[in-house]
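Dock chain A against chain S, hints included.
Residue numbers (the working numbering), protein chains in the order written: chain S, 1 to 156; chain A, 1 to 287.
Errors might be hidden in some of the hints.
BS3-like, lysine-lysine: derived pairs with alpha carbons at most 27 Å apart [as the list claims (entries may be wrong)]:
| id | chain 1 | residue 1 | chain 2 | residue 2 |
| --- | --- | --- | --- | --- |
| 1 | A | K221 | A | K102 |
| 2 | S | K38 | A | K221 |
| 3 | A | K67 | S | K39 |
Since the hints were made in silico from the structure, they are not lab data.
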Amino acid sequence: MNLNLTLIGQAIAFAFFVWFCMRFVWPPVMQALRDRQKKIADGLDAASRASRDLELAEQQANETLRESKEQAAEILEQAHKRSNQMIDEAREQARQEGERMITQAKSEIEQEMNRAKDELREQVSRLAVVAAERILESSIDEKRHAELVDKLAEEL
Amino acid sequence: MAGNNPTPTEYIQHHLQNLTFGNHPEHGWTIAHSAEEASEMGFWAIHLDTLGWSIGLGLLFVLLFRKVAVKATTGVPGGLQNFVELMVEFVDNSVKDTFHGKSQLIAPLSLTIFCWVFLMNLMDLVPVDFLPMLAQKVGAMFGADPAHVYFKVVPTTDVNATLGMALSVFALIIFYTIREKGFSGFIGELTLHPFSSPNKLVQGLFVPVNFLLEAVTLLAKPISLALRLFGNLYAGELIFILIAMIGLWQLPLHFTWAVFHILVITLQAFIFMMLTIVYLSMAVEKH
Numbered sequence: 001m002n003l004n005l006t007l008i009g010q011a012i013a014f015a016f017f018v019w020f021c022m023r024f025v026w027p028p029v030m031q032a033l034r035d036r037q038k039k040i041a042d043g044l045d046a047a048s049r050a051s052r053d054l055e056l057a058e059q060q061a062n063e064t065l066r067e068s069k070e071q072a073a074e075i076l077e078q079a080h081k082r083s084n085q086m087i088d089e090a091r092e093q094a095r096q097e098g099e100r101m102i103t104q105a106k107s108e109i110e111q112e113m114n115r116a117k118d119e120l121r122e123q124v125s126r127l128a129v130v131a132a133e134r135i136l137e138s139s140i141d142e143k144r145h146a147e148l149v150d151k152l153a154e155e156l
Numbered sequence: 001m002a003g004n005n006p007t008p009t010e011y012i013q014h015h016l017q018n019l020t021f022g023n024h025p026e027h028g029w030t031i032a033h034s035a036e037e038a039s040e041m042g043f044w045a046i047h048l049d050t051l052g053w054s055i056g057l058g059l060l061f062v063l064l065f066r067k068v069a070v071k072a073t074t075g076v077p078g079g080l081q082n083f084v085e086l087m088v089e090f091v092d093n094s095v096k097d098t099f100h101g102k103s104q105l106i107a108p109l110s111l112t113i114f115c116w117v118f119l120m121n122l123m124d125l126v127p128v129d130f131l132p133m134l135a136q137k138v139g140a141m142f143g144a145d146p147a148h149v150y151f152k153v154v155p156t157t158d159v160n161a162t163l164g165m166a167l168s169v170f171a172l173i174i175f176y177t178i179r180e181k182g183f184s185g186f187i188g189e190l191t192l193h194p195f196s197s198p199n200k201l202v203q204g205l206f207v208p209v210n211f212l213l214e215a216v217t218l219l220a221k222p223i224s225l226a227l228r229l230f231g232n233l234y235a236g237e238l239i240f241i242l243i244a245m246i247g248l249w250q251l252p253l254h255f256t257w258a259v260f261h262i263l264v265i266t267l268q269a270f271i272f273m274m275l276t277i278v279y280l281s282m283a284v285e286k287h
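Extracted from the complex, chain S is given alone in its bound form (with noise of 0.2 Å):
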């Protein structure tokens, strides 16, 4: 327990020391955390700001969902409207070609029968000339009997 010059040794290597950390342990120590402090605060704020704009992007796909959606929609009942339309439309254009394929088919039925009826009408006379000559056999003669025909032809 004597008091000696290891008391002036320890100071001095306490001195050591001490100037030995604040030159060369402290700072760089101080410095990384300081550094590392900046650091995740500005991850942090990063992260706040990410998030915001997250939600934003958020909200902006629900709206782009909800246009594209009332879009969709849009396009839907037009596509209807126009399938209406187009069925409307080949009804009646079917129903127009049918009435005029009725009314043409009806014309020439008409025509064939009016042309049947000509000739129906042109034997007969020819069939009653023919009786009628076979009938008076001769005796009539061949003008009056022209005449006749004519007369007869005309009533027809």
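Here is chain A on its own, set in the frame of chain S:
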């Protein structure tokens, strides 16, 4: 153990004797072979064991921390860096809580005190006979009488070590007082408190009384700082030595006392650091 069959007194005394190198009035510069020789050397002697261990542990501290400081990254810290940062932040917070002046020195000073004192105290947990016996074996190899090879492992059980640090702190206290308040302020602090009077004559009478009181207060700071650490560790070491003498039963006792001592060594390191900060903040603050 010292010698072949030392008495308990010899054993204890042997353990409490430093390895002293000094200028003996008769033998010149040599290593002391006994406690008497060591005390005859007077002031001009050094304790090789105390200085060796304290400087070694101090180097361990600064180099370890320096290694981490060089590689300190701002990214995810590794295990050692984590530990160092923990210590640095702990000390930094302690300093910020207590010391309100501006100083680049106080925080690293406190870190050094805490870690260094803690490491020196930690040597107390090494079983008391391990290193001294090793030293005796080494001493014997160099031809010394093992009974006269002293080796005290815990530097803080040497009052020289604690007082050396405490006086350094004391010098800092005075330096900071004078820097902040000027030399006249320092003198004023010593002589104008706690008694003061507007009457110049009465004040003149108060000055010696004040000086006596304040000088004691001032000197008590380094002395108490040194003796508190020294006393705690010396007592702890002494109990370790006593426990080591009782044979097989020392094992549970030693374990218990060591566990308790973990608390003591940390606490004493912390107290030394904290009181240093408090004293220095008192030196800086105006009353």
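Results of checking the hints against the structure:
A distance of roughly 22 Å separates the Cα atoms of A/K221 and A/K102; the hinted pair therefore holds under the 27 Å criterion. Among the hinted pairs, S/K38 with A/K221 is inconsistent with the structure: their alpha-carbon atoms are about 40 Å apart, more than 27 Å. A distance of roughly 23 Å separates the Cα atoms of A/K67 and S/K39; the hinted pair therefore holds under the 27 Å criterion.
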